[in-house]
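These are the residues of each chain, in order.
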Amino acid sequence: MSIKSLPIMKAATTITPQASVAEALKIMLANRVNHVPVCEGERYIGLISVNDILQKLLPAGVQMPHGVPDLKFAGDASRLLGSHFRHLREQKATEILNHTQPLEDSCPLLEAALLLSKSPTPLPVVDSSGKLLGMLSRRGLLEYLLNEAGK
Amino acid sequence: MHGVTPSVSQVIFGLSPLLISVSVFFFFYDTVITEKINRSIVALLGAGLMIFTGVLQQSEAFAGIDFNTLGLLTGMMVMVAITQKSGVFQYVAIIAAKKVKAEPWGLLVMLSIVTAVFSALLDNVTTVLLIAPVALLITDALRINPYPFLFSIIFASNIGGTATLIGDPPNIMIGSAVKLTFNDFLFNLAPIAAVVFALTMIPIYFIWGRKLYAAPEDREQVMAFDEREAITDVRLLKKSLAVLFLVIVGFVFAHAIHQEPGTIAMFGGALLLLLNAIGKNPEEQAHETHKVFSEVEWITIFFFVGLFVVVAGIEKAGVMDLMAHQLIELTGGDFATTALTILWVSAVASALVDNIPFVATMIPVIQNLAPVFGAENLAPLWWSLALGACLGGNGSLVGASANLVVAGFAERAGQPIRFLPFMLMAFPLMLASIAVASLYLYLRYL
Numbered sequence: 001m002s003i004k005s006l007p008i009m010k011a012a013t014t015i016t017p018q019a020s021v022a023e024a025l026k027i028m029l030a031n032r033v034n035h036v037p038v039c040e041g042e043r044y045i046g047l048i049s050v051n052d053i054l055q056k057l058l059p060a061g062v063q064m065p066h067g068v069p070d071l072k073f074a075g076d077a078s079r080l081l082g083s084h085f086r087h088l089r090e091q092k093a094t095e096i097l098n099h100t101q102p103l104e105d106s107c108p109l110l111e112a113a114l115l116l117s118k119s120p121t122p123l124p125v126v127d128s129s130g131k132l133l134g135m136l137s138r139r140g141l142l143e144y145l146l147n148e149a150g151k
Numbered sequence: 001m002h003g004v005t006p007s008v009s010q011v012i013f014g015l016s017p018l019l020i021s022v023s024v025f026f027f028f029y030d031t032v033i034t035e036k037i038n039r040s041i042v043a044l045l046g047a048g049l050m051i052f053t054g055v056l057q058q059s060e061a062f063a064g065i066d067f068n069t070l071g072l073l074t075g076m077m078v079m080v081a082i083t084q085k086s087g088v089f090q091y092v093a094i095i096a097a098k099k100v101k102a103e104p105w106g107l108l109v110m111l112s113i114v115t116a117v118f119s120a121l122l123d124n125v126t127t128v129l130l131i132a133p134v135a136l137l138i139t140d141a142l143r144i145n146p147y148p149f150l151f152s153i154i155f156a157s158n159i160g161g162t163a164t165l166i167g168d169p170p171n172i173m174i175g176s177a178v179k180l181t182f183n184d185f186l187f188n189l190a191p192i193a194a195v196v197f198a199l200t201m202i203p204i205y206f207i208w209g210r211k212l213y214a215a216p217e218d219r220e221q222v223m224a225f226d227e228r229e230a231i232t233d234v235r236l237l238k239k240s241l242a243v244l245f246l247v248i249v250g251f252v253f254a255h256a257i258h259q260e261p262g263t264i265a266m267f268g269g270a271l272l273l274l275l276n277a278i279g280k281n282p283e284e285q286a287h288e289t290h291k292v293f294s295e296v297e298w299i300t301i302f303f304f305v306g307l308f309v310v311v312a313g314i315e316k317a318g319v320m321d322l323m324a325h326q327l328i329e330l331t332g333g334d335f336a337t338t339a340l341t342i343l344w345v346s347a348v349a350s351a352l353v354d355n356i357p358f359v360a361t362m363i364p365v366i367q368n369l370a371p372v373f374g375a376e377n378l379a380p381l382w383w384s385l386a387l388g389a390c391l392g393g394n395g396s397l398v399g400a401s402a403n404l405v406v407a408g409f410a411e412r413a414g415q416p417i418r419f420l421p422f423m424l425m426a427f428p429l430m431l432a433s434i435a436v437a438s439l440y441l442y443l444r445y446l
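These protein sequence lines map, in sequence, to chains A and B.
Under the working numbering, the first residue of the first sequence carries the number 1, and numbering increases by one thereafter.
Under the working numbering, the first residue of the second sequence carries the number 1, and numbering increases by one thereafter.
Among the hints, erroneous ones may be present.
Here are the simulated lysine-lysine pairs, BS3-like style, with alpha carbons at most 25 Å apart [claimed, not checked]: (1) Lys92/A to Lys131/A; (2) Lys280/B to Lys85/B; (3) Lys280/B to Lys239/B; (4) Lys26/A to Lys92/A; (5) Lys85/B to Lys99/B; (6) Lys101/B to Lys72/A; (7) Lys179/B to Lys72/A; (8) Lys211/B to Lys85/B; (9) Lys211/B to Lys99/B; (10) Lys85/B to Lys72/A; (11) Lys72/A to Lys239/B; (12) Lys238/B to Lys98/B; (13) Lys85/B to Lys238/B; (14) Lys131/A to Lys151/A; (15) Lys238/B to Lys72/A; (16) Lys179/B to Lys238/B; (17) Lys291/B to Lys239/B; (18) Lys72/A to Lys99/B.
To give an idea of the chain B side of the interface with chain A (calculated C-beta under 10 Å), a few residues [as the list claims (entries may be wrong)]: (19) Lys99; (20) Ala198; (21) Gln221; (22) Asp226.
Honestly, the hints are just simulated from the structure, not real lab data.
All figures in this text were calculated on a predicted structure; none of them were measured in a lab.
Quick reminder that beta carbons are idealized off the backbone N, C-alpha and C, glycines included.
Kindly produce the complete structure, drawing on both the sequences and the hints.
The following block contains the structure:
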């Protein structure tokens, strides 16, 4: 038994590496999801999440280790946020994607549960050639267990 | 000389102690320079080899370790780790920015002055760790290139560190080994440090300063920063500043009260740990204290431990005596030539390699010059070494640890400071500062 036999949530949409951050964000908002997989053809290369975008909006002086610990003193700084956002939205998806390790479809159920419990986003599922099959979420896994328990 | 008690080395296989100790030393230096292996590991291995090969006995190795330097560094690191939690450094940087109405060139000068003053009183790495992120934040809000600011912060930290006994590790080591006081350093090095700082700002103005421009709306944004919000813990702030003040007063009067800076700094650290722990239950106390200790830079401390033992080894084998003779031969025994040679050689060496092992090596060499010039006349040579080693650190990105810390920040901020472009600007500027220092030494001491 592996996650192959689970009802894997289909990835709603994928984007290409050439897509802009603005396009990625629009797709996430339209589909009411917090992440979108980036694929070269059918091959999975990474994920973009709303949190990745939010983090990139922050000034570099806070993002780094030993950076400024809090920003209460800086007020709204809406010009700074705005200028960062205008710069970010034109960037390519490849420049900000995170390389979330995908699950192979042969991954056993318990291991998948462990990895999902540690991941901030649902995990992409790929076959042995790296082709994206879909996304497995915590909800998907729990829904499966609930149904099984009912049987 | 570091209190090494003379005993005859019983080197393994009857080999020459000179040969063995020099081999260990070169292995050590070479590995430290190439940075393939962490320098603290190399230093401890080198120290072990000095003892295992029989160059030193364990007791001699221990006697070679300068615990005054270690105490001073550790004590200052403990105090800074507690103080920085209060947000005081952000507070000062924001005040400085607002004083000049967030005008870029004024801001650059102010942040450089803040960096120089903090570097004179705290260690350079800590200072740039605190200032560089705030500088990046402010330049970000002003939408201007942070590079000139980071460049100036590097220079300011090394120049500021030159000014006092506690400003830079070379000074700590020299002061400790030769029993020069806080005031000796202040009176002899602070004036020239101030001059070099002011002169350094001139080329920085012509290269970058005059072209810096920030839009009024962006400056408004920085003017809207509220420095009072940067202070996260007022009570901690008061405790920290009180203890730091006492410690600095202690340094000033260290000679009069017959105490070493190491004791004063360690005691200050303990006192601030106490004030930080008071009123908390034992578990919280353990947690807080552990956190503070974990911020001490143990890599630096253990590097020093190993380094002192390695240097004690080659010193005992008579290498320093040999080098001192070489130096005298080179300069023809002329005092002024010797002082200037030490200054320039130290500067170039410190730009290219870590200045800490270099200074640790040079201290016994200069001590060995006492028979030639008289022990009481050596002071100008110590100032030459201190000025060369501290200011030389500006010559390249690897010249001082603080430079690398700033470069790390720059990299993450997407404005990497590259080795060669930095050196093309920094090395000539450093040489100019050494030329000024030469003039100062010549006019005042030689």
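Comparing the hints with the structure gives:
1. Lys92/A to Lys131/A: holds, 22 Å
2. Lys280/B to Lys85/B: holds, 17 Å
3. Lys280/B to Lys239/B: Given that 25 Å is the threshold and the Cα spacing comes to 16 Å, the pair holds.
4. Lys26/A to Lys92/A: holds, 14 Å
5. Lys85/B to Lys99/B: holds, 24 Å
6. Lys101/B to Lys72/A: holds, 20 Å
7. Lys179/B to Lys72/A: Violated, at about 46 Å.
8. Lys211/B to Lys85/B: Not satisfied, since the Cα-Cα distance of roughly 36 Å exceeds 25 Å.
9. Lys211/B to Lys99/B: holds, 20 Å
10. Lys85/B to Lys72/A: OK: Lys85/B and Lys72/A at ~15 Å, within 25 Å.
11. Lys72/A to Lys239/B: With Cα atoms ~23 Å apart, Lys72/A and Lys239/B stay inside 25 Å; holds.
12. Lys238/B to Lys98/B: holds, 23 Å
13. Lys85/B to Lys238/B: holds, 12 Å
14. Lys131/A to Lys151/A: violated, 33 Å
15. Lys238/B to Lys72/A: holds, 21 Å
16. Lys179/B to Lys238/B: violated, 32 Å
17. Lys291/B to Lys239/B: It holds: about 18 Å lies between the C-alpha atoms, which stays within 25 Å.
18. Lys72/A to Lys99/B: Roughly 20 Å separates the two Cα atoms, so the pair holds.
19. Lys99: violated, 16 Å
20. Ala198: Since chain A brings no Cβ nearer than about 28 Å to Ala198/B, farther than 10 Å, the hint is violated.
21. Gln221: holds, 5 Å
22. Asp226: holds, 5 Å
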